[in-house]
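Visitor: Dock chain one against chain two, each of which comes alone in its own frame, and use the hints as you go.
Protein sequences appear in the order of chains A and B.
Using the numbering used here, read the first sequence as starting at 1 and increasing by one per residue.
Using the numbering used here, read the second sequence as starting at 1 and increasing by one per residue.
Worth flagging that the hints you see were computed from the coordinates, not collected in a lab.
Don't take every hint at face value.
Derived DSSO-like pairs: lysine-lysine, alpha-carbon spacing no greater than 30 Å straight-line [said to hold, decoys possible]: (1) Lys39/B to Lys265/B; (2) Lys217/B to Lys288/A; (3) Lys265/B to Lys258/A; (4) Lys288/A to Lys85/A; (5) Lys6/B to Lys332/B; (6) Lys33/A to Lys217/B; (7) Lys265/B to Lys115/A; (8) Lys165/A to Lys33/A; (9) Lys85/A to Lys341/B; (10) Lys160/B to Lys258/A; (11) Lys177/A to Lys332/B; (12) Lys115/A to Lys266/B; (13) Lys119/A to Lys266/B; (14) Lys258/A to Lys119/A; (15) Lys265/B to Lys119/A; (16) Lys332/B to Lys33/A; (17) Lys258/A to Lys266/B.
So, partial list: chain A residues that the calculated Cβ filter (under 7 Å) puts toward chain B [what the hints assert, rightly or not]: (18) Pro86; (19) Ile97; (20) Ile100; (21) Phe105; (22) Asn108; (23) Phe271; (24) Leu278.
Cβ-Cβ distance ranges computed for the label pairs, FRET-style [unchecked claim]: (25) Thr185/B to Leu63/A: 57 to 67 Å; (26) Ala20/B to Val78/A: 38 to 48 Å; (27) Asn126/A to Thr185/B: 53 to 63 Å; (28) Leu342/B to Ile280/A: 52 to 62 Å; (29) Gly283/B to Leu182/A: 32 to 42 Å; (30) Ser164/A to Ala338/B: 40 to 50 Å; (31) Phe159/B to Leu137/A: 31 to 41 Å; (32) Asn209/B to Ala179/A: 39 to 49 Å; (33) Ile5/A to Arg214/B: 52 to 62 Å.
All values derive from a computational prediction rather than experimental measurement.
Built from N, CA and C at the ideal position, the CB exists for glycine as well.
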Amino acid sequence: MMGLISSLINGISLGSVYAIIALGYTMVYGIAKMLNFAHGDVIMVGAYICFCGISYLSLPPVLAIALAIVACTALGIVIEGLAYKPLRSAPSLAVLITAIGVSYFLQNSALLIWKSDPKVFPTIFNMQPLQFFDGRLTISGVTLVTVLCCIVVMVCLTLFISRSKIGKAMRAVSEDKVAAQLMGINVNRTISVTFAIGSGLAAVAGVLLCSAYPVLTPTTGSMPGIKAFTAAVFGGIGSVPGAMLGGILLGVIELLAKSYISTQFSDAIVFAVLIVVLLIRPTGILGKKISEKV
Amino acid sequence: MKNVKKTRRRDFTTYGIVVAAYIVMQALIMTDHITNSLKNQLIPICVYICMAVSLNLVVGILGDLSLGHAGFMSVGAFSGIVVSMSLQNAIPSGTVRLILAIAVGAMTAAIVGVLVGVPVLRLRGDYLAIVTLAFGEIIKNILTNLYVGVDVNGLHISFKDAMSMGMGLDGKTIINGPIGAVGVTKLASFTAGFILIMVTLVITLNLVNSRSGRAIKAIRDNRIAAESVGINITKYKLLAFVISAALAGMAGALYGLNYSGLAAKKFDFNTSILVLVFVVLGGIGNIRGSIIAATVLTVLPEMLRAMQDYRMLIYAIVLILVMLITNNPTLKGYLDLAKTKLTGRAKDPGAAAAEGGADHGE
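Chain B with its partners taken away, still in its complex shape (with noise of 0.2 Å):
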């Protein structure tokens, strides 16, 4: 019992620090105290932190390394920005299109879930990663070549070129092929990106601390073990996989509507990468971490932005340095003596003591 009320208080401490920040960052705002490229970065912000939230479903808690979770984003966002761009006569108000485009985008994404799931999660390890890579490429490859239109008949589709979409003369191109969206809305606003953050998180911890979700964990933790006690494999597998794939999707709405035109070659194996990187680095499993790294490592570009050419560089040598620093036994040793020099107490001294016998082994 005393369990559940700490994870529950852990819960809680999460939505307060996403709910505090959304709190400073509007007085910042009313207030004036916020840089130009800041606030241009406060929507990109909110959909990465989604996305590393539901990414760290797949690779966290169910343990299966998926690099192809920009796939998802980039159907949410095509989905999301179709439906917002279709409607746009039929819905005047701005707040509904996008609640439907971001609604439309996760049931898109999630279907798109279900299709790359099935195959996928029968997989294992390495191999189950570069499937998600290569579903990850396919969805790429057929969006670039995806033609969208609407006239007064409704939506034309064609994955050959705009001619051939036979709209009427009233008809308006919303997805071009290759140069991607044109001509969008911008509908998304910081607040619908914290309400965003919001249900993700709602979403996510309420399923990792449910039945469901404990079922999810022991898959990762001992597949075998969890099989034998009566836990469906493929059912739990795919709710994870298809949960992180509506979230994304989600999330990819927003993104698509943030911009007034948007191309599929953005979502690219980069992208997966990057949200793999927050989710990485933020602790793997660890949702207030994903959240923290995805800020910090999206702002940080920006801030570096005075270095001008070298930032990505020093973006990836802090990425490499970061790596070597948690995950190297002796700079481990170093850190944590650190730690407990600044703290006055030992973190863990048994854990201490292996890790310093680890060091002579290799």
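So here's chain A without its partners, still in its complex pose (with noise of 0.2 Å):
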């Protein structure tokens, strides 16, 4: 029973990254249709940002990630102004090579800059394990920050996107970019703008992925990354709320198939039941139908 929970806690932590990952996927492909497969490499270099800022400036963890989430945003920004934004009316598959052709940019200049060998990622939430049930039950810090960190991100994203002026823009440029652009919203703006954001994200995700799983590599960002797209599609791309749902639910799978079924075949469990999933409810779990027009 204490195994049962101590799994699905794990789950939700683990969730909570992809859904963090997910987040940014499912907002970039809310507004500009386009899969960017350079964001799981984007949570790579924003986890490389705050290990130097840590290793090597020795600045305290606290300014280290808010370095990594600046230069992460802006990163965002100059790929969306230089690869992305000369493709806005390009054909999408145009835009996924683009997008692929950064993911390889991104992690060879990381090969370059940082090398190939693994990078021990330093200890950032330096918390005592919380215990219950007389030490049957032993929740790690990171865990406890990263379900923290994952609901205050939710909160505050839920927030901007009903309230704010920026997240009104951007849910009427995901509605209709062209009756948007008619009511005077700046469309290429809105767009740099969930970039930003997106990639603000990738950042906290990096640091909090790297805290849980704490070896650095150019390619570590990879599989987060097809996983967390993975989850932006099972709760249904485009949607917000999906987004969060689906990559929870992901990291519970996950977790539950490596403790109760296999550990090898976890990954084929994920996947499989991604299908079974997408089967039953083509645009997943929370996503639009999309109705057809002859």
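Guide: Right under this line is the structure:
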């Protein structure tokens, strides 16, 4: 029983990281209708910057995290401006390949700057593990912080999107680009802001991910990126609550599969669940139904 | 009638280019005018050409984005290796075993193609893409934990570890879980690669120009219209998907028998993407373009070897720049202008004007 609860909590923690990454995918998809495959590598860059801030510049962790968030936000804006903005009217496959090019670029730049040897990510959240039921259930500090961070991010983001002016603009652009433009919304700037927010979140996810699994290499972001992308589709790509739900569900399924079915086949199980969900609900759990016009 | 002749002439030009390239390469090999690194690249080039052409069948002709093509390649590679290694004593001839391995690789990949295709093709667009990605990862995960061995009693398969295969004393491990295939006898040759390309081309081009091919293209251009004139969507989609998978399986079998060892993690998401890049850069739906792009982009990183660590960075930048130049209206305008200046004639004045207009739109 305690094992189950422990797996669930760890699953929610892992899922929280997926959810934060998935938010970046889903927001960009909702607005720019593109699959940003470079998102996973922005996570890696964020983690490296935080690592450098602490290890080389000996900044306090809070400042290092802030530095990572600022740098990734800037990186997101630069990537969007240089690589994606010129392709606004291009076919989606061309944008996809460009995103893959950006992903290669980030990975190989990281390889040149930080070399291929794995870096050990410093401990940021130095907290005593919490113990319940006379020590039969232990929750580590990182797990708790990750879940708390995820809740804070979700609440802030939901408020931002539903209340703020830019958030409303984002929703309008994702609904109908042309109509939004006619209403005086600066579509290009809104898309840039979306990229900036998504990339900033990626930095947070990178720090959380590397705090839980403290090995950092230039390809650290790839697999979590693919998984989070799966999570975004799982919940219904383009939907913000869907990404949160999808991310957490994916994390829980992965951890439960690892503890109770098979460690080796946990990835296969996660992807199989995704396929089953998409077969039952072809646009994800919370995705909008696509009505077809003839 | 004139139109049919035109496609036929275009197809024969494609065959001609491949045959000419093969003859030139053979001549270079005979006269020893070829560097060793390029020589080692010949079979991978053949394999990637087959992969690109077969993926183009799904992405270009059928119009569905597939992100798991490497999965079919790995199925072909591993089944081909198992066939070739387990029949080593029964069939001494390497050529016969290679042909058998490729045939079995194609069949296994086709079966997996049906299994994957039936659920996948119910979905559309990006959802279809993500499910092909998921299947690719599942195939990789299963093959990473696959153990196959052979002894006098036949094949032994396990998903746990090498011990639980329960082989006899004379048993030989063929596929060893995460380590992959070990001690494979290399059977692949450049000529086999060339023949494989020709087979792939004949199958693909004949399919594209057949009645079925026209039905597939009709589905791509307008699914609802195609359905309303009585085209069986599921049948034709599955046909294209399974043929593509089988061709990838053939290519995979050749690839697997080109190395003495091969791990399943070689066929990951990045390999699928690599092949997709060939297809997109060569021109979606353009078979000849796929051949050229696969060749150039396989050789390019080798050519850049002098740049050492920077080569993949340069590859990434080239990729981004090519996509920007060929797809950005402004840059494309310059490109067309340069072409017009060079050739002395405008390509299509109407299209150029339309693109010029689009510049100011954004």
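Visitor: State for each hint whether it applies.
Guide: Evaluation of the provided hints:
1. Our distance criterion of 30 Å between C-alpha atoms is met by lysine 39/B and lysine 265/B, whose separation comes to about 25 Å.
2. Note on lysine 217/B and lysine 288/A: the hinted pairing holds, with a Cα-Cα distance of about 28 Å set against a maximum of 30 Å.
3. This hinted pair checks out: lysine 265/B and lysine 258/A have alpha carbons roughly 20 Å apart, not beyond 30 Å.
4. This hinted pair checks out: lysine 288/A and lysine 85/A have alpha carbons roughly 26 Å apart, not beyond 30 Å.
5. Annotation: proposed proximity of lysine 6/B to lysine 332/B holds, straight-line Cα distance about 28 Å (limit 30 Å).
6. With a C-alpha separation of about 25 Å, the suggested pair lysine 33/A and lysine 217/B falls inside the 30 Å cut-off, and the hint holds.
7. Note on lysine 265/B and lysine 115/A: the hinted pairing holds, with a Cα-Cα distance of about 22 Å set against a maximum of 30 Å.
8. Distance check on the hinted pair: lysine 165/A and lysine 33/A sit about 21 Å apart at the alpha-carbon level, within 30 Å; holds.
9. With a CA separation close to 28 Å, the supplied pair lysine 85/A and lysine 341/B stays within the 30 Å bound.
10. For the hint pairing lysine 160/B with lysine 258/A, the CA-to-CA distance comes to about 15 Å; that is within 30 Å, so the pair holds.
11. A distance of roughly 24 Å separates the Cα atoms of lysine 177/A and lysine 332/B; the hinted pair therefore holds under the 30 Å criterion.
12. Between lysine 115/A and lysine 266/B the alpha-carbon distance is near 21 Å, which keeps this suggested pair within the 30 Å criterion.
13. The hinted pair formed by lysine 119/A and lysine 266/B meets the criterion: a straight-line CA distance of about 24 Å does not exceed 30 Å.
14. A C-alpha spacing of about 26 Å is found between lysine 258/A and lysine 119/A, which places the hinted pair at or below 30 Å, so the restraint holds.
15. For the given pair, lysine 265/B sits about 23 Å from lysine 119/A by alpha-carbon distance, which is consistent with the 30 Å threshold.
16. A C-alpha spacing of about 22 Å is found between lysine 332/B and lysine 33/A, which places the hinted pair at or below 30 Å, so the restraint holds.
17. Straight-line distance between C-alpha atoms of lysine 258/A and lysine 266/B comes to about 24 Å, which keeps the hinted pair within the 30 Å bound.
18. Nearest Cβ of chain B to the Cβ of proline 86/A: about 4 Å, under the 7 Å cut. The hint holds.
19. About 5 Å separates the beta-carbon of isoleucine 97/A from the nearest beta-carbon of chain B, less than 7 Å, and the hint is met.
20. Taking 7 Å as the C-beta contact cut-off toward chain B, the hint placing isoleucine 100/A at the interface holds, the least distance being around 6 Å.
21. The closest approach between the C-beta of phenylalanine 105/A and any C-beta of chain B is roughly 4 Å, which is under the 7 Å cut-off, so the hint is satisfied.
22. This hint holds: asparagine 108/A has a C-beta 4 Å from the nearest C-beta of chain B, less than the 7 Å allowed.
23. Of the supplied interface hints, the one on phenylalanine 271/A holds, with its beta-carbon coming within about 4 Å of a beta-carbon of chain B, less than 7 Å.
24. Restraint check, leucine 278/A versus chain B: the minimum CB separation of about 6 Å is within 7 Å; hint holds.
25. Separation of threonine 185/B from leucine 63/A is about 59 Å and conforms to the stated range, judged on CB atoms against 57 to 67 Å.
26. About 45 Å separates the C-beta atoms of alanine 20/B and valine 78/A, a value consistent with the hinted range of 38 to 48 Å.
27. The hint said 53 to 63 Å for the Cβ distance between asparagine 126/A and threonine 185/B, and at roughly 55 Å that hint holds.
28. The hinted range of 52 to 62 Å is satisfied by leucine 342/B and isoleucine 280/A, whose Cβ atoms lie roughly 55 Å apart.
29. Checked against the hint of 32 to 42 Å, the pair glycine 283/B and leucine 182/A passes, with Cβ atoms roughly 36 Å apart.
30. In this structure the hint that serine 164/A and alanine 338/B lie 40 to 50 Å apart at CB holds, the actual value being about 46 Å.
31. Between phenylalanine 159/B and leucine 137/A the Cβ separation comes to about 33 Å, which falls inside the hinted range of 31 to 41 Å.
32. The hinted range of 39 to 49 Å is satisfied by asparagine 209/B and alanine 179/A, whose Cβ atoms lie roughly 43 Å apart.
33. Checked against the given bound of 52 to 62 Å, the beta carbons of isoleucine 5/A and arginine 214/B, roughly 59 Å apart, stay inside it.
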